[in-house]
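Q: Residue-level listing of the chains:
Number of protein chains: 2
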Amino acid sequence: MNRSAAVQDVFMLFGDSITQGGWEPDMNSFGQRLSHVYARRLDVLNRGYSGYNTEWGRFVLQQCIDPAEVPGAPQIRVLAIWFGANDACIKPSPQHVPLPRFIENIKRMISLGRVPANSNRKETRIILISPPPVNTIVRKADLESRSPPMKLDREFDITRAYADAVRDVAKGEGVAFVDVWSRIWEAAGQNESALQKFLVDGLHLNAEGYNIMYDELIGVIAREYPEIHYDNIPYTFPAWKDINWTNPESSFKAEIV
Amino acid sequence: MNRSAAVQDVFMLFGDSITQGGWEPDMNSFGQRLSHVYARRLDVLNRGYSGYNTEWGRFVLQQCIDPAEVPGAPQIRVLAIWFGANDACIKPSPQHVPLPRFIENIKRMISLGRVPANSNRKETRIILISPPPVNTIVRKADLESRSPPMKLDREFDITRAYADAVRDVAKGEGVAFVDVWSRIWEAAGQNESALQKFLVDGLHLNAEGYNIMYDELIGVIAREYPEIHYDNIPYTFPAWKDINWTNPESSFKAEIV
Numbered sequence: 001m002n003r004s005a006a007v008q009d010v011f012m013l014f015g016d017s018i019t020q021g022g023w024e025p026d027m028n029s030f031g032q033r034l035s036h037v038y039a040r041r042l043d044v045l046n047r048g049y050s051g052y053n054t055e056w057g058r059f060v061l062q063q064c065i066d067p068a069e070v071p072g073a074p075q076i077r078v079l080a081i082w083f084g085a086n087d088a089c090i091k092p093s094p095q096h097v098p099l100p101r102f103i104e105n106i107k108r109m110i111s112l113g114r115v116p117a118n119s120n121r122k123e124t125r126i127i128l129i130s131p132p133p134v135n136t137i138v139r140k141a142d143l144e145s146r147s148p149p150m151k152l153d154r155e156f157d158i159t160r161a162y163a164d165a166v167r168d169v170a171k172g173e174g175v176a177f178v179d180v181w182s183r184i185w186e187a188a189g190q191n192e193s194a195l196q197k198f199l200v201d202g203l204h205l206n207a208e209g210y211n212i213m214y215d216e217l218i219g220v221i222a223r224e225y226p227e228i229h230y231d232n233i234p235y236t237f238p239a240w241k242d243i244n245w246t247n248p249e250s251s252f253k254a255e256i257v
Numbered sequence: 001m002n003r004s005a006a007v008q009d010v011f012m013l014f015g016d017s018i019t020q021g022g023w024e025p026d027m028n029s030f031g032q033r034l035s036h037v038y039a040r041r042l043d044v045l046n047r048g049y050s051g052y053n054t055e056w057g058r059f060v061l062q063q064c065i066d067p068a069e070v071p072g073a074p075q076i077r078v079l080a081i082w083f084g085a086n087d088a089c090i091k092p093s094p095q096h097v098p099l100p101r102f103i104e105n106i107k108r109m110i111s112l113g114r115v116p117a118n119s120n121r122k123e124t125r126i127i128l129i130s131p132p133p134v135n136t137i138v139r140k141a142d143l144e145s146r147s148p149p150m151k152l153d154r155e156f157d158i159t160r161a162y163a164d165a166v167r168d169v170a171k172g173e174g175v176a177f178v179d180v181w182s183r184i185w186e187a188a189g190q191n192e193s194a195l196q197k198f199l200v201d202g203l204h205l206n207a208e209g210y211n212i213m214y215d216e217l218i219g220v221i222a223r224e225y226p227e228i229h230y231d232n233i234p235y236t237f238p239a240w241k242d243i244n245w246t247n248p249e250s251s252f253k254a255e256i257v
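Which chain is which? The protein sequence lines are W and C, in order. Residue numbering for the first sequence follows full-length UniProt numbering, starting at 1 and increasing by one per position. Residue numbering for the second sequence follows full-length UniProt numbering, starting at 1 and increasing by one per position.
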């Protein structure tokens with residue numbers, strides 16, 4: 001096989017099933033919408049892994065990011081990190097990660113995303129995203145209806161604590177923060193049972209939930225990292241009306257970023 | 001910026017606006033659906049360029065494919081080539097490409113996708129896709145309503161000739177062929193005005209048109225290249241239930257493809 005040349009940089013979405021589902025049909029989910037608005041600008045890569053927590057995710061991210069100067073691979077212009085929904089599982093769930101360890105793992109992921117301190121390369125823009133609030137009423141009913149029935153594996157206040165931790169790490173590390181937890185909680189009028197307007201199963205976002213998340217993400221990018229807003233990233237290759245039609249080759253020299 | 005490591009291979013979609021629009025909201029378009037089913041398997045890259053014909057596209061593809069052994073860049077497992085809708089414009093449109101030259105350009109793109117004859121690398125799987133039929137009734141009305149009014153720039157039988165040429169090149173070169181032209185024409189009962197069920201403006205596919213295209217594409221992959229069907233490509237990193245929970249690091253060794 002030939003290789004895919006790095007004609008444009010990468011917008012990497014790293015997280016659990018809520019990230020993996022970013023291109024789900026009939027959802028207008030955030031990955032799909034990013035792919036659309038960043039077309040001809042950045043390649044939006046799905047690095048979402050259903051069921052994963054940060055304890056497992058850190059091994060994945062280590063392999064997804066190449067800290068060496070390998071010229072053939074595309075550069076990561078943006079790295080979004082979205083965990084917490086599974087880490088916040090309560091014991092004895094195997095997905096449970098203690099809060100201090102969760103914080104350590106998120107910091108470790110940020111440091112994997114950053115260029116080495118002695119490098120003169122441009123920084124990758126890092127965005128932390130908090131998990132959505134849990135509707136334990138729906139989640140409990142869902143788990144109890146399974147065969148065999150399962151016990152509730154998440155608690156409302158515990159997921160909130162993990163969301164708060166993401167916000168605090170973002171502040172401490174000086175990276176952008178997309179507060180999905182608060183935006184969804186506000187949209188539901190701070191009423192747990194009303195969360196179902198934004199969740200499919202008490203845990204995962206539905207189309208309306210992803211819509212809120214996407215708007216918040218784009219708003220944060222516009223405010224904190226305007227240079228990576230899609231409107232500010234030029235096309236990798238020219239618009240067809242800008243091509244020199246009589247001598248097209250001249251329009252395609254040195255277009256690679 | 002750090003680089004994106006090649007943890008999985010690439011499914012490259014190369015074409016014009018009908019490819020670029022593959023992640024359009026409210027469409028369940030083919031790029032989005034491929035992104036979804038190939039999640040954790042292949043990265044689906046949008047290399048669609050609105051308005052482009054093969055004459056301009058060949059310069060782009062030359063830059064998107066790295067024929068050298070650059071280890072950092074991901075390998076192209078699948079290359080889909082979808083042109084003809086703009087090449088088939090009639091004179092004096094600047095998008096017009098004469099049919100013999102269109103055929104030459106498509107063959108050139110295939111040869112760019114192939115590994116060098118003296119290489120022992122695996123082949124990139126190449127798929128040619130024919131352009132959809134044109135509804136000249138709607139297209140004419142659309143162009144005449146513009147300010148200033150424009151003349152009809154495509155003819156039904158000419159686009160059909162370009163679609164036939166794609167089929168013939170696929171056969172001659174021994175690569176897979178997705179016959180969008182015929183599938184949409186059949187679905188419309190071979191009735192030009194009925195094409196509007198599958199097109200938004202006489203030229204671009206709508207949700208129903210993309211649905212037919214996607215089903216045909218997946219069917220062709222299943223028949224001709226079953227090894228690249230998403231069901232036959234394992235996850236790049238393990239499903240969370242397969243992770244060794246007490247010693248997770250052991251689950252992430254040598255997972256890179």
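Take the hints with a grain of salt, since some may be wrong.
[Claimed, not checked] In silico lysine-lysine, DSSO-like type, Cα no more than 30 Å apart, as pairs:
| # | chain 1 | residue 1 | chain 2 | residue 2 |
| --- | --- | --- | --- | --- |
| 1 | C | K91 | W | K140 |
| 2 | C | K151 | C | K140 |
| 3 | W | K241 | C | K107 |
| 4 | W | K107 | C | K253 |
| 5 | W | K91 | C | K140 |
| 6 | C | K197 | C | K140 |
| 7 | W | K107 | C | K241 |
| 8 | C | K107 | W | K253 |
| 9 | C | K91 | W | K241 |
| 10 | C | K241 | C | K253 |
Hints listed in this document are in silico derivations from the structure and should not be mistaken for laboratory results.
Q: Against each hint, give a clear statement of whether it holds in the structure.
A: How the hints compare with the structure:
Distance hint between K91(C) and K140(W) is unfulfilled; the C-alpha atoms sit about 66 Å from each other, more than 30 Å. A C-alpha spacing of about 7 Å is found between K151(C) and K140(C), which places the hinted pair at or below 30 Å, so the restraint holds. Pair hint K241(W) plus K107(C) holds up; C-alpha atoms about 25 Å apart against a cutoff of 30 Å. This hinted pair checks out: K107(W) and K253(C) have alpha carbons roughly 22 Å apart, not beyond 30 Å.
A distance of roughly 66 Å separates the Cα atoms of K91(W) and K140(C); the hinted pair therefore is violated under the 30 Å criterion. A C-alpha spacing of about 17 Å is found between K197(C) and K140(C), which places the hinted pair at or below 30 Å, so the restraint holds. Straight-line distance between C-alpha atoms of K107(W) and K241(C) comes to about 25 Å, which keeps the hinted pair within the 30 Å bound. As the CA atoms of K107(C) and K253(W) are separated by approximately 22 Å, the hinted pair is consistent with the 30 Å bound.
Only pairs whose Cα atoms come within 30 Å are accepted, and K91(C) paired with K241(W) is accepted, the gap being roughly 16 Å. For the hint linking K241(C) to K253(C), the alpha-carbon distance of about 17 Å falls within 30 Å, and the restraint holds.
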